[in-house]
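Chain by chain, the residues run as shown.
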Amino acid sequence: MMTQVTQASRQIHINVPLLTRVEGEGALDLTIMDNQISELKFRIFEPPRFFEKFVEGRDYQEVPDLVARICGLCPVAYQMSSVHAIESIFALEITPWIRTMRRLFYCGEWIESHCAHIHLLAAPDFLGYTNAPAMAKDYPVLVQRGVYLQQLGNKIIKLLGGRSVHPVGVRVGGFHRSPSVKEARELLAELEVALPLAEKLVTWATTLKVPEISQKFISVSTQHPSEYPMNEGRIVSNDGLDIAIADYEQHFREFQIPHSTALCSLMDEKPYLVGPLARVNLNWHLLPDVVRNTVNSTGIGISFPSQNMFDSIVVRAVEVYYAFYEAIRILKEYQATAAPFVPVEIKAGVGYGCTEAPRGLLWQRWEIDDTGHVVSAKIVPPTSQNQARIEQDLRETLEAMGLDKETDALRLRAETVIRNYDPCISCATHFLKFNVTRL
Amino acid sequence: MANLTGLAAKPKVAIHKFSSCDGCQLAFLNLGTKLLELMEWVDVANFVEAGIADPHAKVDIAFVEGSISTEAELAHIQQIREDSRFLIAMGACATAGGIQALRNVGKLQAWTESVYAKPEYISSLETATPLSKHVRVDLELWGCPINSYQVLATVRSFLYGVMPAQEHDKLCLECKRKNTVCVMVAKGLPCMGPVTHTGCGSICPGVGRDCYACYGPAENCNTPAFTQRLQQLGLDNQQIARRFLFINNATPTFAEAGKHAQENR
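Here the protein sequences come in this chain order: A and B.
The numbering of the first sequence is the working numbering, which starts it at 1 and goes up by one.
The numbering of the second sequence is the working numbering, which starts it at 1 and goes up by one.
These are computed hints drawn from the structure, not numbers from a lab.
Beta carbons are placed, not taken as given, at the ideal position from N, Cα and C, and that holds for glycine.
Fair warning: there could be bad hints in the mix.
To be verified - To spell it out: a stretch of chain B is covered by chain A in this simulated footprint if at least three of its residues, at any positions, have a beta carbon under 8 Å from a beta carbon of chain A; those stretches are:
no. : region
1   : 139 to 152
2   : 203 to 212
What the hints assert, rightly or not - To give an idea of the chain A side of the interface with chain B (calculated C-beta under 10 Å), a few residues:
no. : residue
3   : Gln144
4   : Gln151
5   : Arg329
Pulled out of the complex, with its shape left as it was, chain A reads as follows (with noise of 0.2 Å):
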């Protein structure tokens, strides 16, 4: 971190050339003049590894394992978006025991990467360290349960997928394997043992103490009738949006800026979040009473909607929890089947997918022609919906902190306000625009 601070003309610089603990490789750069900020850039410099040029030609089969290498962090997001565009081109019915799975399947990655980000990530900025290592010293006890919850996430990424960074069991159509009704029940048994120590989480988290800053934005996420959303839904705002997932490009619009090689994205004009806070915002009334109760019964007077972003920490932890007890029901039912994917017929065409990933909306549109191979292909991810968001919040989160504060308080503030995205800087760079447009 570089500061500098002349106090004749009151000029501050705010330079964080890293950003620790994040997903991938961005800085922020602030300059306040005069108790005002002149400059605020939330820079990503991740390079660019040009990921919809090189499905461009590929065989259908093959995007699975592509997509993943996307992101580490959340590989089956990737693989459940453009696994559903491709079998809407193909109109495949999949049969209830594969939506379950999928289902089954985020579930694992949403806590994976949730206790990742709150323990590894996010903790250490409430409780006063700089990193986890050093917080893991004195709160032995709450990392150690972070990194269990987290290895569960992974075992049930790994009972459908084989390992928990870049899965292998997906396919479009389904699974390439059913699990054993032993392998199910095992970490059945093992996920029970874990559920209260995810209702825990989500008691610690409400006790953490963040700043009350409501500010003005608008929730996005997917929306299913009866069901919490991960794999399907339309999309929906808090101020009225209500789209099917095809209308997306109707509505939303991405933009190059030159601080940065993620692209940014803007709702009818309008910056707007995406991810765990703006899920819960939207569909508090789909989460089970028990999950709410939680919440409801820690009598400290958090509720939802909020748009307090320092909430987003609990309403992660609100997520792990309600993964371990969805995870459970669906494994409690669990039968083995001997038809884990559904042939399919190739057909040409374009197909959307629009998926939960851990931090937010994660919309794929894709071509593919008669013989099953890709023509194009774009991804838009969470982090660059979230870019314009960021930016948004920083300057009023720190407006309202008040700018005369000791610059170690402002950069620390800052640095909080990013994670509270969990932004993930590899997967931000990996959109490609395709219509060129020269400004």
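Take the given structure of chain A and dock chain B to it, following the hints.
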């Protein structure tokens, strides 16, 4: 072979990231309670994702994820080499350029222009290349992604003052040891096992599908004979080329076999 004499009892370790998906760092972050144990064995000087940032620390061992794809990365890896006694490349990006090495045969400028409205803002080298193209690498851990076992085995070996033993056998041997039914023989699938480096635990045949070579080429591969076998299974030349030109497309063995298949029209 690197000389490990005089390595500190609690060596100083750095974990760095270049162009990649972050998945190989997860071999550390996914260790569970063993992660806390590992932190007792070694002194972690740089691990940005875990909140420990000192990118220019002088260390005993540097674990490096990712390929080199920008000028800044090139300068940084050279700096890391100078700052580190042992440099370990982890994962397909660091050992072979990774999936993004597919751009090495593409037209980067055209891609950047078709992708970004303002290509002048994007700074990128023509190629995405392995660390060994630019600096001396003491040890390569192959795989996309590498797993926690590889990381722990490596650290343990260093603590005992020896270089870790590495197998370079074909994946097929792993299936035989685990009694996994051969998916090529039983189902006629174009499994890459006969030419792929062992180490993953043969998870693809384990879920009943064909291996797609994410651990890279094994030693002494007979790719011409394997290509013939894929032809017998009914794959055309373009399909065969894509089998080789995937996650580890830029390894010399696979690049050559892929090119050969492409020209075999």
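Hints, verified against the model:
Coverage of a stretch by a chain is defined here by at least three residues with a beta carbon nearer than 8 Å to that chain's beta carbons; for the region 139 to 152 of chain B and chain A the count is 3, and the condition holds. Against chain A, the region 203 to 212 of chain B contributes 7 residues with a C-beta closer than 8 Å to a partner C-beta. That satisfies the three-residue criterion, and the hint holds. With its C-beta approaching chain B no nearer than about 6 Å, Gln144(A) sits inside the 10 Å limit, and its interface hint holds. Contact between Gln151(A) and chain B, as hinted, is supported at the beta carbon level, the nearest pair being about 4 Å apart and thus within 10 Å.
Contact between Arg329(A) and chain B, as hinted, is not supported at the beta carbon level, the nearest pair being about 24 Å apart and thus beyond 10 Å.
The structure fails hint 5 only (numbered hints given earlier).
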